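Dock chain B against the given chain A, drawing on the hints supplied.
If you're matching them up, the sequences are chains A and B in order.
For the first sequence, the residue numbers in UniProt numbering are 1 to 358.
For the second sequence, the residue numbers in UniProt numbering are 1 to 358.
Just so you know, the hints here were simulated from the structure itself, not pulled from any lab data.
Note that the structure is predicted; figures quoted are calculated from it, not measured.
You can trust all of the hints, since none of them are fake.
Listed next, with one range per pair, are the computed distances between beta-carbon atoms: (1) B/Gly121 - A/Val292: 29 to 37 Å; (2) A/Asp50 - B/Leu356: 55 to 63 Å; (3) B/Glu308 - A/Ser24: 52 to 60 Å; (4) B/Leu188 - A/Asp50: 18 to 26 Å; (5) A/Ala66 - B/Glu308: 40 to 48 Å; (6) A/Ser24 - B/Leu356: 50 to 58 Å.
Virtual Cβ for every residue (Gly too), placed ideally from N, Cα, C.
Protein chains: 2
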Amino acid sequence: MHATLSGDVVRAGERARERFYDSSGYGHPVDGGSLELAPVEAAHLLYRGDLDAVEGPDGTAMDFRAFLSSAAVSEIAFLVYKDLRDRGFYLSPARADWSDSPAVRSAVDDPAVDFVVYPRGSGPWDDEVAHRVGVVSEREAVRAGDLGDLVLAVVDEESALTYLATEHRAVSGTSEADLPEGVSGELLSDRLLLWDPPAAIYDQGFYGQPLDDRDGDVIQLSLLEAAFLAREGVLDVEGGPEAVVERGRAVEGERFDRRLRVYERLRERGLVPKTGYKFGADFRTYADVESVDDLGHSELLIRVLDREHTFSPRDLALDVRLAHGVRKEMVFALVDGEDPSEDDSDGIEWLSVTRLTP
Amino acid sequence: MHATLSGDVVRAGERARERFYDSSGYGHPVDGGSLELAPVEAAHLLYRGDLDAVEGPDGTAMDFRAFLSSAAVSEIAFLVYKDLRDRGFYLSPARADWSDSPAVRSAVDDPAVDFVVYPRGSGPWDDEVAHRVGVVSEREAVRAGDLGDLVLAVVDEESALTYLATEHRAVSGTSEADLPEGVSGELLSDRLLLWDPPAAIYDQGFYGQPLDDRDGDVIQLSLLEAAFLAREGVLDVEGGPEAVVERGRAVEGERFDRRLRVYERLRERGLVPKTGYKFGADFRTYADVESVDDLGHSELLIRVLDREHTFSPRDLALDVRLAHGVRKEMVFALVDGEDPSEDDSDGIEWLSVTRLTP
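Here chain A stands alone, though its shape is the one from the complex (with noise of 0.2 Å):
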């Protein structure tokens, strides 16, 4: 069977269209009933011994090794391409003018995706997508806007794959505490204590830590804990809520009022947000917390981190391994840079990342 590589397409016949399109959904048909091929379609079918060679732009037969060597095709895409199908899936390349399905084409309006996976069993001729993959290599950095309704394929250095899926959600709970006004603080170097705390505090609220198991006694507070409460109006500091967010940029800098906003955030949608510093993330939230002495598992590990962050995939895989394996999820809270005043919207975007097995 002849196939010709002419710029990033490869194009083959009417036989090919038959064999590669109907049975397997390589390529795209074109007018006059040829098949085009991008180059990693082809690249796997050479592979597969489907094809036998590509013949290059100066007449030259291609076989897989002087195809996958060449610069027609990307190594990292085509292990991506290979994995998929030998899970079963059928997929396409991100070209919008390959496809009149309207769920294609609106799949692969974005520069991060490079496949279209089909749901097992669909095809190009369905209009129906079951994953938008971008093809990265463990060293490329990774931008967080990008992220969203993508699922990662990450190919680590000895070549094996892990992917990632990334999705936008919403972070809810009922947690909620009547707490009184004008409980008095203390501000040391890096908390607060509360020498004589109501109880509703730390069990209804779960603000802060008892100095010990001892009933009615001290509470320490973070600095995110006390700005909080004081901002509302339940504690009372000398120099009030903002001395408290000067001693917390004292300790971390501009961090604090990115962690702040995100903690007054979850406060506010009901999560109770506590130190998320064992799993190496900002926060752990348990979303229904009625008493600390019913409390269940915390569900959330939240990272704060700027929308303008660019991720290593391995501190991705890192975070997600971590979170998986003590039955929570991974959630990046993306702050946007501006003040959050000028903003409608709470200026947070909660992404989602996990471990998926296609």
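Frame of chain A; chain B shown alone:
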């Protein structure tokens, strides 16, 4: 009982010596029968109610609350001191001139050490040290060079404690493979393909990854594996080992050289390093590989760092937690910046960090 703060010492009388030192190991006795306490020890005695007040330099009497809020005592040092006391340990602040014990004097001869903890049942009158403890807040950067033979007591923003034991260790294994020379390989942009490899490369050496499960299949080598095998003469590649190293530098900069040095040392010591990408590390290692068909569990996770690296306790916690979750030990390979050939040793320090429950 009367106690007076003077500089960084709290002085108490003869009864204090009997009650606090002789029976519970607080402070150190001085000539004339009285007792000197570190402020953190005095804070703990105030907290327990064993002291009512400490008199400040200006004559005011400070109770626990006033003393803890004063500049005399660090709140995080107090939290760690209290926690170790709660766990039943006697411990002393790191002051060389407060002890006659050679073990203690040598243990505290290091600015990173804040407390020496005695073995359970022992105290300052014995000549034995269980742990050297350094106290840090979650937000403090920790120099890699300060670690080793040190327990880091990390206080998170909600005042909870984590203990991380840091130790220098040796790494060694028994893996070896008898490989042919002159195997031909083809360099792609971020890996190297062996189109017709001898079986021993993968089967005994556990180098690379087959492209597929088919017998006699193509093997993909990572650039690190390829650089090592090219230097060993096993691999024959256009441009020689330098071409592979150049490619490695092109894709990840000088980190490639650091990682290659660690890779080489691990191989030389009989360990098989494979990518640790899925665990967010540089390598996972197998100590005793005879054949890939009989591969055990990988024992170590290795992260390669410059010796000048400073850790954030949060990142350390994340690495250690993940390693523990997958039953591996986290080891940092600290590589110094100098040219290794200038160095008699191999210029790599292996630093193990594990979670400790004292």
